[in-house]
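Build the full structure now, drawing on both the sequences and the hints.
These are the residues of each chain, in order.
There are 2 protein chains.
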Amino acid sequence: MEDKHMLMIPGPTPVPEQVLLEMAKHPIGHRSAAFSKIMAEVTENLQWLFQTKNDVFCLAASGTGAMEAGLINFINAGDKVLVGENGKFGERWAIICDTYGMDVERVKAPWGEALDPAIFKAKLEADTAKEIKAVVITHSETSTGVLNDLETISGYVKAHGALMIVDAVTSLGSCNVPTDAWGLDVVASGSQKGFMLPPGLGFVSVSDKAWAAYEHAKIPRFYLDLKSAQKNLAKNTTPFTPPVNLIFGLKASLAMMKREGLENIFARHKRLTEATRAAVKALGLKTFAPDGNASTAVTAVDPAPLGAEDVRKAIAQQFDISLAGGQDDYKGKIFRIGHLGFVHDRDILTAIAALEATLHGLGHTDFESGAGVKAAATVFQKSAS
Amino acid sequence: MEDKHMLMIPGPTPVPEQVLLEMAKHPIGHRSAAFSKIMAEVTENLQWLFQTKNDVFCLAASGTGAMEAGLINFINAGDKVLVGENGKFGERWAIICDTYGMDVERVKAPWGEALDPAIFKAKLEADTAKEIKAVVITHSETSTGVLNDLETISGYVKAHGALMIVDAVTSLGSCNVPTDAWGLDVVASGSQKGFMLPPGLGFVSVSDKAWAAYEHAKIPRFYLDLKSAQKNLAKNTTPFTPPVNLIFGLKASLAMMKREGLENIFARHKRLTEATRAAVKALGLKTFAPDGNASTAVTAVDPAPLGAEDVRKAIAQQFDISLAGGQDDYKGKIFRIGHLGFVHDRDILTAIAALEATLHGLGHTDFESGAGVKAAATVFQKSAS
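Listed in order, the protein sequences are those of chains F and Y.
Numbering follows my numbering, with no gaps: position 200 of the first sequence is 200.
Numbering follows my numbering, with no gaps: position 94 of the second sequence is 94.
All the pointers check out, no bait thrown in.
The list cannot tell twin chains apart, which means a pair is met if one copy fits it or any two copies do.
Pairs of lysine-lysine residues, derived as BS3-like cross-links and limited to a Cα-Cα distance of at most 30 Å, are as follows:
no., residue 1, residue 2
1, 251, 231
2, 218, 121
3, 270, 286
4, 231, 333
5, 209, 235
6, 88, 218
7, 258, 382
8, 251, 25
9, 218, 108
10, 4, 286
11, 218, 80
12, 235, 331
13, 227, 130
14, 80, 227
15, 331, 25
16, 251, 4
17, 25, 258
Treat the hints as calculated values from the structure; they're not laboratory data.
Source: prediction; values computed, not measured.
Here is the structure:
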């Protein structure tokens, strides 16, 4: 049915009506006092969301552009970098580091499993010559639904002295990412995730320690250079024309997030995650990521012996719900339910009810009728009490 | 008065209501068949607007990002490049080339004057060793309102064999830029200009000759790498999450442009430019760029002895019209009237009437009452007959 589409993928995520309408306003000049006022408010609220006193920049770029900026402004060709790799995005950051001639050591875990902090500890402690310049971690691995133990790993990195560079693309706004408390030097994210906005804005925060590394950074860059962003942000402006209307939307979405409050946002995402996982299991399907390292943004599901693409296709056709597929080797093997950003308990009940009906339709009936919805509802009731 | 703002700057430019509302739709997944269909349509229409069979890419970036992509994918460090520099944007492209270690020769003209094609001709003809790898020209120099003679210069570049790389940020959609007919190898633009869209999308077209140069291009790049954009566009998708809602808007604005037709769009901008220039002169002010090289996107005005900032401030306060100021050395010395994109004869009459009243208010009365509006109206009548 036209206009009945329901987006349950880990980005783009649903956007509230008040944000959409804000984006539909006539643009204004980006060098105007009115726009600088918006930039000042947005920057202050981004610092609130990132839990930091560091600079936080808005770039006209995707999350990948923000991550690339977070790497090439602070690391040199030849520098040793440990990159955590347990999914598509960890792989991507390692490839970016390769592209720029960094000396990349990949610390791997299989897709669907979490990175082992002990390996980072051992490698960092063994590096008495302090050759490791940075550690790059994907906090929430969107491709697998695994949440890596960033707090523990960043503790080891801090003890060592290397820069801690974090892909928080799907963790920011869905779980606790206390930039300053955890000593995260560079944190990157993207608008189409926990920010309840369409894609088109990348965000990156930079610590004083990262700025010190910037002074020795030699990789050529212009559009993604962050010093010019810093100089301009001091005047509440940007070096290049910013996506004015997306920033109108960002102003509105950050204001909504502030009204909800960080603790409530995190509790909501935790509840949605637990409900989704309990429901999926009650339907006789396997969650791909372990309970102890479940991303609060996305739940990957292994529906074997059903085909993941058959499930996705059927739920899209019958109920107009978009789920995400698996990526690379896991295409056809898993599907992914996004539950970050503008997502609410009711949306999970809806998606699970539709998933139940879809599984039935595909001949998978190895569960009690209503088991998924009941499991989700039980989580919601427990959280409410 | 609230919401009565009128944008007459050379970007962001006004956006039609139907485009704004398109952008306010709920986003959809960027890996969906529905989105690929939009990408296919948008790409075909971009090729129509660029008048090319070449690839045309949409990047989540500003025009500067698109230009940087257009440079670093095809030129190496150490390569000799001629960069035309007669304003802020020409300067910027020379700085980008410097940043990446290219061997830059600046071919300069003073701000407010056009580049001399004969200098390019002489330098290219003298280069019998074919050391010059590319010539970089800003077609419409937004900072000064000068339109450089791209057709003539590109003819010399074609005869030589170097790549012709063009900043068409404010010329595309405001005047004729026949990419294939003029042999333009790389053409970059941005959404907030002639495209009648908010900022946030950069565009870049790439010729076969530029792709041949790509094969030897060694500057490291990932986010701005165009080969991955090409591979993905072959499947009507993008390497990274695209700004879905801006692309919804682009679909609508390109459809509007097709309905108007290229010839009508160019004729409209020519008419608006002539009317603006005639009116400004009738008001006793000086146009900054010469008549023979007037940008069809923006008219820069020297209001001496009045201060340019005084004019801008007064017209903003009393009539809620935003004009652009001068940049760098010309801050306070010129103001700029944008007339590209979603701008119509009526808007020019409005802006000129308000400018007349503003000049009166500032004590500049050295013109017959109504002279500006009359001069503009005369141009419109002549065009209509």
